[in-house]
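Trainee: So you can see what is in the structure, the chains are spelled out below.
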Amino acid sequence: MIAEHLPILQVVLPLLAAPVCIFLRNPRAAGALAVLTSWSALGIALSLLREVMSTGVVSYAIGDWAPPIGIEYRVDIVNAWVLVIVATIGAVVTPYAITSVESEVDRKRIPLFYAAYLLCLTGLLGITITGDVFNVFVFLEISSLSAYALIAMGQRRRALTAAFRYLIMGSVGATFIVIGIGLLYVMTGTLNMADLAALLPEVWDSRTVKVAYGFLGVGMCLKLALFPLHLWLPNAYAFAPSAVTAFMASTATKVAVYMLLRLFLSIFGRHFSFEVMGLDLILLPLALVAIVSMSLVAIFQVDVKRLLAYSSVAQIGYMILGLSFASVTGLTATLLHLFNHALMKGALFMALGCVVYRIGSVHIDAMVGLGKRMPYTMAAFVVGGLSLVGVPLTVGFVSKWYLILGALEKGGLWMGVAAIVLVTSVMALVYVWRVVEVAYLRDFAGDERVREAPWSLLVPTWALVLANLYFGIDAVRISAVARGAAEALMIGIGS
Amino acid sequence: MSVDLFVSHYNYWVVIFLMMVGFYILISRGNLIKKIVGLNVFQTSVFMLYISMGKITGGTPPILLDDPHGEGEAVGHVLYSNPLPHVLILTAIVVGIATTSVGLALAVRIKEAYGTLEEDEINRVEAQTEAAE
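Protein chains in written order, with this note's numbering: chain L, 416 to 910; chain F, -19 to 113.
For the record, the hints were derived by calculation from the structure and aren't laboratory data. No false leads were slipped in.
Computed list of chain L residues with no C-beta within reach of chain F, every gap over 12 Å:
1) V435
2) F687
3) A794
4) G826
5) G831
6) E852
7) I906
Distance condition first, Cα-Cα at most 27 Å in a straight line; then the derived DSSO-like pairs of lysine-lysine:
8) K35(F) - K625(L)
9) K91(F) - K14(F)
10) K523(L) - K91(F)
Glycine is no exception: its CB is placed at the ideal position from the N, C-alpha and C atoms.
Construct all of the structure, not just a fragment, from the sequences and the given hints.
Mentor: See below:
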């Protein structure tokens, strides 16, 4: 009975829990409700993935209005995979938020924090699950607006300007996406994704469709923070509350990458994207510049949270690089890195949240000698950092392996791309090492009362750290899912 | 391009003009309130784009008309405007209002925290605090 309604419950549960959080008024009660909701969202996402793996595409007609007239929620292997990523991070970060937020957000605002947090989760899950392009825009705005509010809850006043800048750039991106959707509607008269994919080939030649493609591409790239449209990201991540940074860094940009893949590969199709519009030729240089320049900038940061934020922009470059290979292996790397980057950045930002909880700062000079004072926290940071570099036995290795495999497959000049991936991994080692060096090789000089972070923060952090190791060692099953998703994307939903 | 085509599509020229004006204000103005106004103009131009494309020349509003013969059958060939883009834009207007209110709320708090709404002054204050740290 209830099983057939799973797709809608995935979105509606957090949506309904959000206002309840405000009415509860008690920070602990609101936190408990948020934990409960995020765990049930993970349960639903996992059972949807299992269902899709065994029986194929799940289609759900909202309000029983048959698609393409009604709004359809359409779960195939690609978005079932992304749903699991978002829900997993949500389920791990929410219990972490309870302790972390108490020390970083004004007590009166905590129930509001959980409401905005759950709305953000709703929006991200909604973008992923829906099969209707206008619905994508609505959920995009739900997640973005709540994200602006969440970022503005940061302790320092710069959180406000960071949120404002994100608001301006995010709204421009979303408006570009609406323009693109509108132009597509003019040409096809439909908003349903599968229907669009079937009708678009007839009107490929029109300039309107090409303009729509451009608007959608720019809007999407703003949202996923592809270089040079990444300017909102570093400050937003650096000044948001720790739990928000951990959540956003591992989900928001990933969902935007999914959106890009869904629109450009499933709807417009591989042929139109790569052969008519030359998407790979546009994305390849941008991705390479993002990887190299942002890794360089990260090396010179003194605020460790901002360092990791710049590293995030570089990592998004890796995902887009995989897409620009225009091959199944490249796309597998992209999809694997969606998951792997969520695990590593989640773990790293949560470890930094533990540091903020104890010493109130993540300035590199404040972290001197922390390795002995907070051994578990810093060990988590080291493992997360190694994963970011791509050391074997961590998940980071698996994604880089597939990226290089994809480059070698293409041969020729692409060998250079493989070399860049290797060189930038060394750059990642440099910026991770700067923190490790300060934390382990120098003597602690701060307050004597500083001790290890509480268990309520360490357990979620280490859950992600262990996931980094587990999926780094046993990568077979997860790679098979990613490969299946990549093949599904290359075929498209029309045929 | 013929003059006729230019004149008959005048609404789209208005849309493009407003879009560019809004975008220009958004980029060039340093005052945060003016940025929000620019964003509003930009978004409104998109609303007009959607509304224009739903309108059909000579079409009636999409309302069920009374059957002139009283036979209880729906009227066959009435030309009516496409209601879907109009409904979509109702949603987008709500989103626009929400964006504006979040933006203005942030502007109020920025004014409280920095004492100014000018971007260059805020940047100067931020640079000073960063140097002090």
